[in-house]
Each structure stands twice: as structure tokens, then as C-alpha cells.
Amino acid sequence: MTATTRLLMAASLLLAVGCSDSPDDGGADRITIYSGRSEELVQPLFDEFTAATGIQIDVRYGDSGELAAQLITEGDSSPADIFFSQDAGALGALDRADLLAGLPTDVLDLVPAAYRSTEGNWIGTSGRVRVLVVNPELAPDAPTTIDELLDPQWKGRIGFAPTNASWQSFVTGLRVLRGEDGARQWLTAFAANDPVAYEKNGAVRDAVDAGEVAIGLVNHYYLYEKIAAEGADTVVAVNQYLAPGDPGGLVNVAGVGMLEGSGASDLVIELIRFLLSEEGQRYFAESTFEYPLAANVPPADGLPTLDELQAPSIDLSDLDSIAATQELLADVGLLTR
Amino acid sequence: MRRRLPPPILAVPAAAASLVSLVPVWYLFDRSFGSGPSAVVDELWQRRTLDLVSRSLALTLAVTAASVLIGVTAAWIVVRSDLPGRRVLRVAFALPLAIPSYLSAFAWISWQPSLAGFTGAALVLTLVSFPYVMLPVVAALQHLDPAHEEVARSLGAGRYTVLWRVVVPRVRTAIAAGALLVALYVLSDFGAVAAMRYEAFTWVIYGAYRAGFNPARAAILATTLVVLASMLVAAEAAARGRATARVGGGTARRATPVRLGPAGIIGAFSFASIVLLPALALPAWRITTWLRTYASTDVDLADVRRALTSTIVLGALAALFTVALALPVGILAARSRSAFARAVERTTYVTHALPGIVVAISLVFVGVRLLRPIYLETPLLVLGYGVLFLPLAVGSVRNSVEQSSRRAEEIARSLGERPSGVLRRVTIPLAAPGIGAAAAMVVLATMKELPVTLILHPTGTETLATRLWHFTSVSDYANAGPYALALVLFAAIPTALLGISTEHS
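Chains as they are written, first to last, in my numbering: chain A, 27 to 363; chain B, 37 to 541.
Excised from the complex, chain A in its bound form (with noise of 0.2 Å):
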């Protein structure tokens, strides 16, 4: 009857509306990007790269492991023909899952093989390192290994973000350098040391900045950042680097794979030179304060050169494992509540 009509005109138009897309240019290139890093951080960059070479892109913004499931889940017919990691566990998850396609050697030389997959299969764009932020004032000679971490005098005085996902990829290579038993040794005491814990990595920052407390695990970069936003004379705190080959020192890094099954593989061959481009890696060097990997560009200034760090050396694709990590953690009490 009427009303029924009316129901099923009024669904039609808005299915219609719903289903609408931006007007299709058809016949331009086109590449599909999953993208686990921030829409804030590369769409910019994407839309230098469109810019350049025409050539379109649509992103999927999303968080690394949800991609990565996904992905996995799509198996051959995914829409994706490259996926931007923001660390290489998921990369390499989805290289055991076969989803990785081959990257051309001379691609793959951009970058020290120490930030690339050992088969070739994905490779790294930027590089962050894990530190120690410390206050001055209430630190003065800080530790330069983890395992000075564990002494007495700092019971109470270190912050950590014991959800965050570099926090877990430092606790994953820790159990890859020192073995289980190890990691679970270093773990009990320091969560014996009674580390304050925060929600996020900034947080931690900000609190050693404060003072409330002397030291904080984290990102590299995360200071860098308070500089930029507050200036350097309002900031007190510091980045301490750990020694070589210690297992604070991790450098993990945020990647690309090329999907085995994406039918557009010279556009995303292009744009993985882009990436490694000295543009590409300015472009990081500049807006995030990371490490580039390639075409020489060095590091924002202030900060010591990798070769300098010696950070340990890992297979980047084994920080896989960070369920069991995990597991781990909520094992030695450094998880939950």
C-alpha cells in the first residue's frame, strides 16, 4: 500500500545515498593502502606522492594488528596492495601467512638489512628507539643498561606504559635476546622495583618532565615532540641512550609490505621508492623525529646516528610473538589490576 511504498522509496534513496563514492576518475591508477600508521602523519605525504606521479590512492586508516588480522582473513582477494605497518611484528605475521610479495633487490639495498625482512619480503621506512627519559634534576647519573634499572635506588621512580605496543615489542625482544627465562627474571624485578605505570608513552614523558617520577621507558621521539610543542627552555627533561647492544636500546620500525595478491605492483613499487626517497625520509626525519633508513638523509638534529647506538641486533620479523608477551606480562603482574 501507500505507506509501504513510501517505506521502500525512502529506503532506496537512502541506500542510494549510503552507498554513494567520490566521483570515480576512471581510468586513473589507483593503489590500495591499509595504513596502520595515522591519518595525520602520511596522508600528507600520500598526497605529495599523488601529487608528483598522479597516480591515486585510497587509504584504510586503522590500528597495525586489526590490518594485519584482516588481511590475513582476506587472504588472496584482499583489495589491499600494500600494507604500512606501524612496527614489524605484524609485518612479519603476515609474512609467515604468505601474504608478502617479493621486493626487488635493488629495493631492497635502500636499506641496512638489519630494518628489512630477511627474505625480502617487506622493509623498513623509519626507524624509533627505545630510551630512557630522565629527570636531571632527580637523576643525574641515570643507567644506561636495564639492568641497572633493577637496583633499589629507583624503586618506585620509574614510569612505564604497560600497554603500549613498543613497550611490549622491547618485552618481545628482550624474551628473544635473553630467552623466556631470562625475560622473566629481568620482568620480576623489575615489576619488584614497583614501576609506576601510566596510560600512554606521552604520559610517562610528561610525568618525568614533572618530576613525579626520575625515569620513564619509552620512545625516542616522544621528547622531541614536547620540545616542538613547548620549546626547549620549558623542558627539562632528557633522552639517555642505552649502551651498546643492550636490550633497552631496541630499535624497532615502522614498514611496508606489497600484498602477494595486488594486481598494481609497479605503482607500489613506485611508491616504496617514494617512501625511501630523500623526500620520503626528510619528510619522517622532520614531522616525527624518527630515523630514516635511507638515501642518506641523517637524523633530526641532536640526535646520535644509529651506527652510533649499536642497538642489538634482532630479526625484526621474530617481534611477533606479542601475544605470548602478553601473557607473559599479566603472568609477572605488569599488565593488569
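If you're looking for bench data, these hints aren't it; they were derived computationally from the structure.
Heads up, a few of these hints could be off.
FRET-style restraints, in silico, Cβ to Cβ [as the list claims (entries may be wrong)]:
| no. | chain 1 | residue 1 | chain 2 | residue 2 | range |
| --- | --- | --- | --- | --- | --- |
| 1 | A | R56 | B | D512 | 53 to 63 Å |
| 2 | B | G496 | A | L39 | 14 to 24 Å |
| 3 | A | K226 | B | V124 | 46 to 56 Å |
| 4 | B | Y513 | A | R210 | 52 to 62 Å |
| 5 | B | P120 | A | V222 | 26 to 36 Å |
| 6 | A | G101 | B | V77 | 48 to 58 Å |
| 7 | B | V77 | A | G359 | 22 to 32 Å |
Glycine included, C-beta positions come from ideal geometry on N, C-alpha and C.
We have chain A; now place chain B onto it with these hints.
The following block gives chain B in isolation, referenced to the frame of chain A:
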């Protein structure tokens, strides 16, 4: 209608609705048993898994009990007492539904970090879920024939005896239905328990996806929730007892409101404050503080408008689809005692304990293989909302149809109307309030929804909830604030309508 088989006009769409809601279950069994039954047992029979299941059950019990207590009391106050301002209170008690659990949890934990753990999780989940009990009980109380109570009074029963032995049993169905929804919701929740750092079973499922990159393991773990949900559904059916539809002709007289003395009025207002201040005032205050602290002058209003439009359109589409699916199921469940009707109704609830990410991944699985043309397009997303919110709609439709008399339908049949005509001209119009409530509930649930939307949204389409997530995930609270505000304000509209809706025939 005491037929052996329900009429095809109801049975076929109801069966279709049942199949839709079983998509995640099919995916889970395929994924888990694909690894072999021993893998399943290994995964589930671990101390940590069992620990977490009991933690989730403990939380579920606490929240359900509290929600029933608060919900029934609130319903009685706004329907049966003569409290001044009870019409306003009725809307106010429904409004907590407009606040997503993740937002409420954030509001609380940012104010009182010491709440983290069981207390905070139970508090937040109770405050956002008790309306699920209150609303059906309000509807049931309104339809209650006061004759029973008057007879009891005339036989000498005191006020509280009447309440306990006459009123509450008559609304038992509504209480059980609401309690079931709350229990399933608590089992599925991740946002609140994560913010409150209360390690619940959903943590391992999310961990298996986000940190373990292991959808197969997550699927095995999620089957536990399907089993738990089935047990809860069976428990609710038992608690429901025999649904008592009205017998006899005519409509119920409105009951005379119970006179609250001064003590009663103070008691009722105290109760309302104890519930509404934490449920509404605190989140409102926190959001306002948030907006003031991080006030940004260059908020992209165009983006907020776009997100709002998408949110409303998706909500409307979800409501249309879900209510259309829920109608045959709800009518069957209310009118038929056959095994088919019971099976169809119960299967729609079985996936309600699954966290959103599991439903999302199951739809990715099915979408990519069987529904490729609509994969990552609006229709699949709307299908996802249907799978998620069918129980809300079915419950509402069923309650509403149960409360209207079969008499009118029987008369229509006896006058020669075909089954489809009876449906169209009698059953559905009589169930209109329930249908409206179902639509409102689905709209508001869709507006708040996050995990399925994040994974299945058409590329380029964002809702208020996904924008909020994007900004808070990079700690950009300045830009997140307007989306939180818009979300709560606009979700309050269908919620207020839910609260206002009256069912006087």
C-alpha cells in the same frame, strides 16, 4: 493460533533472519575446527583462559544484578508512583544509553584513576546498561492489568506483598529479557574493561588479533562466548516461564498511581540522584572539561558534519534492515510455541556475546569470499549492524506483540482475512510502539558502534565514532572533543524518544 507449523509468510523471513545472525557462528566453527579438535581443546583448556572466563562471568553477574535492581526500581518509579516530574525522569533514566561505554569509561578513569579494576568496570557497565532492563519493564508495567493487584489488596495483602508477589512475577518476562541483553553485552564488551584495566576474557580475543596476529586462535577463543551465550539464553527462557499474554477482551485500565508520602518522595529522588549523577552528570561534566581544556579554534566543522551525516544515514539504514529482519522473528516468538519459533528466536541472541571485532572479522571472511561486490561497501556494513543488533530489535518487537491481545487477530481471521492481511492490518499496527522502539534502539546502537565500523566501513566513509577513535588514538584530544560531543548529543535524540514512547492503546 495453535497451528503445528507457523505460516510461511512468517517462517521464511524468520529463517532468513536466523541464518543472517548465524554467520559469525559458521565462521567461528569453520576457523576453529579447521585447526582440528585437539587444537581447540589445547587453546581453551588453559589456566589463563579459564581464569579470564571466570573474571568475565563475575563481572557479568555483578552488572546484571545491579542493572536489574536499578532498572526495575526506576521503572516502577516512573510508571507506578505519583512522583512529580516522573515524565522527565523517564527520559533521563533512558539517556545513559546514548553514551558509548568506551566514552563513559574514559570519563571516569580520567577523573579517578583509582577506580581501575573490577569496581570501575562494574560501575561503568552498570550505568550504561541498566536502561536495557528499565525500558522493557516500563512497557510491561504499563500493560499490567491492575485488576490482579486490586484483587490481592482486597484479599488483605499489604503494599509490598502485592509488589513482590503480584507485580514482579507478571513482569518477569520483561526483566529476564532485559537481564539477558545486559549479560550478553557485558560478556562482549572490550572498550570499558580495557579502559578500566580489568582483565576480562575479551582481552585475550583482542590480544590474539592485535598482538598475536592469529585470527584462528581468536576464533577458537570466541567459540567460548558462543557457548556461554547459549547457556544464558537457555537460562532466560527458563526464567521467563510461560509468557502470559492478555486474555479476555478489552484493554487494561490504567492503574492508579501509588501515593508516595514525603518519605517516599525523598527516597525516590535520592535514588534518581544516586543513579543519574554518575550516569549522566559525570560524563557530561568530563566531556565539557575536555572541550574547555583542549579548546581548538580551528575545528574542521565540515568534517564533523560529514561524519554526522554518514552516522545518521548508516543508523537509519541499519534500523530499516534490522527491524525488517526482526519483525517476523519477534512476531513468531510472541505468538507461537513451536520448536521452530523458539529456535529462530534463540539463534538471534547467540552471537550477541561476541565482541565486535569477531563479528567484523567473520563478515570479512564471508564478504571477501561470497559477497565480493559489496565487500567494504555500505550494504555489507549494514548487514553487520543487522547481525550485531538483531537481538535488541527482536526483544522489543516480541515484548510488544506479546502485550497485545490475540483477540483482534483471531477476529480478523474469522472475518476471512488472509494471514498476510492479518499481519499487515492488525498485528503490525498493534506492535507499532515496539517496532518504533526497536528502530530507535538500533539507530542509537549503530551511532555508538566502533569495531565493526572500523573494519568494514567503505573507504572514505567515517562516522562520529570512528573519527573520535582516530583522534584519541593519537592523543589529539583537541580535535576529538567535538566528535564526542556530537555523538552524545545526537544519540540522545533516539534515546529520548525511547524514553518518551508510550504504549497506551
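Checklist entry - Which of the numbered hints are not met once you compare them with the structure shown? => result Violated: hints 1, 3, 4, 5, 6.
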